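Using the sequences and the accompanying hints, generate a full structural model.
Chains Z and A are the protein sequences, given in the same order.
Take the first sequence: its position 76, counting from 1, is numbered 315 in this note's numbering, and each next residue is one higher.
Take the second sequence: its position 132, counting from 1, is numbered 125 in this note's numbering, and each next residue is one higher.
The set of hints was computed from the structure by calculation and includes no laboratory data.
One or more hints might be untrue.
[Claimed, not checked] Calculated cross-link-like contacts (lysine to any residue; reagent style SDA-like; alpha-carbon spacing at most 20 Å): (1) A:155 / Z:471; (2) A:155 / Z:336; (3) A:139 / Z:368; (4) A:155 / Z:343; (5) A:230 / A:220; (6) A:170 / A:223; (7) A:155 / Z:371; (8) A:230 / Z:325; (9) A:230 / Z:369; (10) A:139 / Z:318; (11) A:230 / Z:480; (12) Z:458 / Z:480; (13) Z:452 / Z:336; (14) A:139 / Z:336; (15) A:155 / Z:285; (16) A:79 / A:14; (17) Z:447 / Z:286; (18) Z:359 / Z:286.
Since we're looking at a predicted model, the values are computed, not measured.
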Amino acid sequence: MKEALGIRIQNLSKSFPKRDVIQGLNLNIEPGSFVSIVGPSGCGKSTLLRLIAGLESPTQGELHLSSQAPASFSFVFQEPNLLAWRTVYENVALPFELIESLRQVSEDEKRTRIMDCLRKVKLAESSSLFPHELSGGMKMRVSLARALVSSPRLLLMDEPFAALDENTRFEMQNQLHQLWQSERMTILFVTHSLFESTYLSERILMLKGEGAKLALDYKVELPLERTEDLRTSEVLNRIVRLLSERLRE
Amino acid sequence: MKRYLPSFLSFLILTVLVELLVRQGVVSESLLPSPSAVFKTLGEFHEEFRQAFFETLLNVLAGLGLSIVLGSLVAFVFSLSDLMKKAILPFAIFFQTVPIIAIAPLLVIYFGFGSPTVIASSFIVSVFPIIANTLMGLENTSESQKDLFLLYQASRLQTLLKLKIPQAYSHIYSGIKVSAGLAIIGAIAGEFVGGGGLGAMIDSARTQQRVDIVFGALLLLSFMGLAFIATLALVNKTILSRRPFASLS
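Rendered as structure tokens:
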């Protein structure tokens, strides 16, 4: 198994013409950790994720990933971003057609890896369907399978479950947590939901105010196995209350 | 078949009404021939009509074919190079604003009498909607899907072939549908000055005040236009039944 990626951010700033979104941010993300980033709308959470993915360039500062190869990290967007004219299988196969280092993979291996990923997200039976034939949750699972097919060591997720109904969201959260436990890649998860961040992650970073100041760096101490009971447990609710108070301060 | 019934009935009623009006002498036959007279003329000169119809049809197909191939290529190049778009698009717009009837005599000087002039005229009139619609479709790609391709470090050509062109399918189809009608108009304008086909037949009938021949030719041109639209709709339906390009992901 390849090693998970770590992230080191030093004095990172990002300015847009009318606004300094991030100013002098310093951060270390341990390899193999599950870290959530929370904060009010427009606080720079998504911008930080886009900077790490290389979709934006920093105005100032440094950002180091253990590896810069495009196959070493994946990004899951808020929308599933599926190509309507491709089947589930073909959508998941997209990285093999575009990422240079994956183009040499043999057809047999490619097929095995795609079907493995589809099994992981419980969509093996739907591989020949087109996106318009899928529910919102299934689309998101295809998007997750596409992100996993390159065996990334860092998974960047930008509010991936925000548009899903509650049941599907819970189901997806459980699947994601199980995947993280089995694959042990680093996950950086942006969300608005304090419940979601607490339930899923080991560490919560709260960005707040002008220039995305790091208002809180919280270590979540919950059992490694996430069960449904945990969602309504006092311990989880206490953490959420604390986060909520810090957010309102 | 049911959905064509209202238009078929209204056509039938209009035909019977015109027939009655002309037979009763309410409308002069020198201005509007009776439908029966038009059909009689079509039968009487069927060989001339058949030859002219196929000559025009071939010229229209050549003009439209050139428009589809060159128009799409130009739009693809424009989408790959902003500089080329800025340098050449104004000329395409300029061409679009000049009436074909004003350019047609020039085409006779450049290409001589016959098919080349007619094809050029058909091409000039029908190429712009293909360039404009294809370009609009290519530029309509969602930002997050472009980000996805950027993350995979896809080349500009890969992004064009695997994302932008399939995404632009509906726009490309609309452009071809508009151009199919315009290609017929362009060919007839070309035949007025370059000779041959139904255009020359209409022009010659005009000098002899043979409105029955003019209406016979118009009927065949309408039939050609309807056949184009029906063929395109069938091709579109067949493509979409295999690949849902037009559906939402």
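Now the hints, each set against the structure:
no.	hint	in the structure
1	A:155 / Z:471	violated, 45 Å
2	A:155 / Z:336	holds, 9 Å
3	A:139 / Z:368	violated, 23 Å
4	A:155 / Z:343	holds, 19 Å
5	A:230 / A:220	holds, 15 Å
6	A:170 / A:223	holds, 10 Å
7	A:155 / Z:371	holds, 19 Å
8	A:230 / Z:325	holds, 17 Å
9	A:230 / Z:369	holds, 17 Å
10	A:139 / Z:318	holds, 13 Å
11	A:230 / Z:480	violated, 56 Å
12	Z:458 / Z:480	holds, 15 Å
13	Z:452 / Z:336	violated, 39 Å
14	A:139 / Z:336	holds, 15 Å
15	A:155 / Z:285	violated, 26 Å
16	A:79 / A:14	violated, 56 Å
17	Z:447 / Z:286	holds, 13 Å
18	Z:359 / Z:286	violated, 29 Å
Hint violations for this structure: numbers 1, 3, 11, 13, 15, 16, 18, all remaining hints satisfied.
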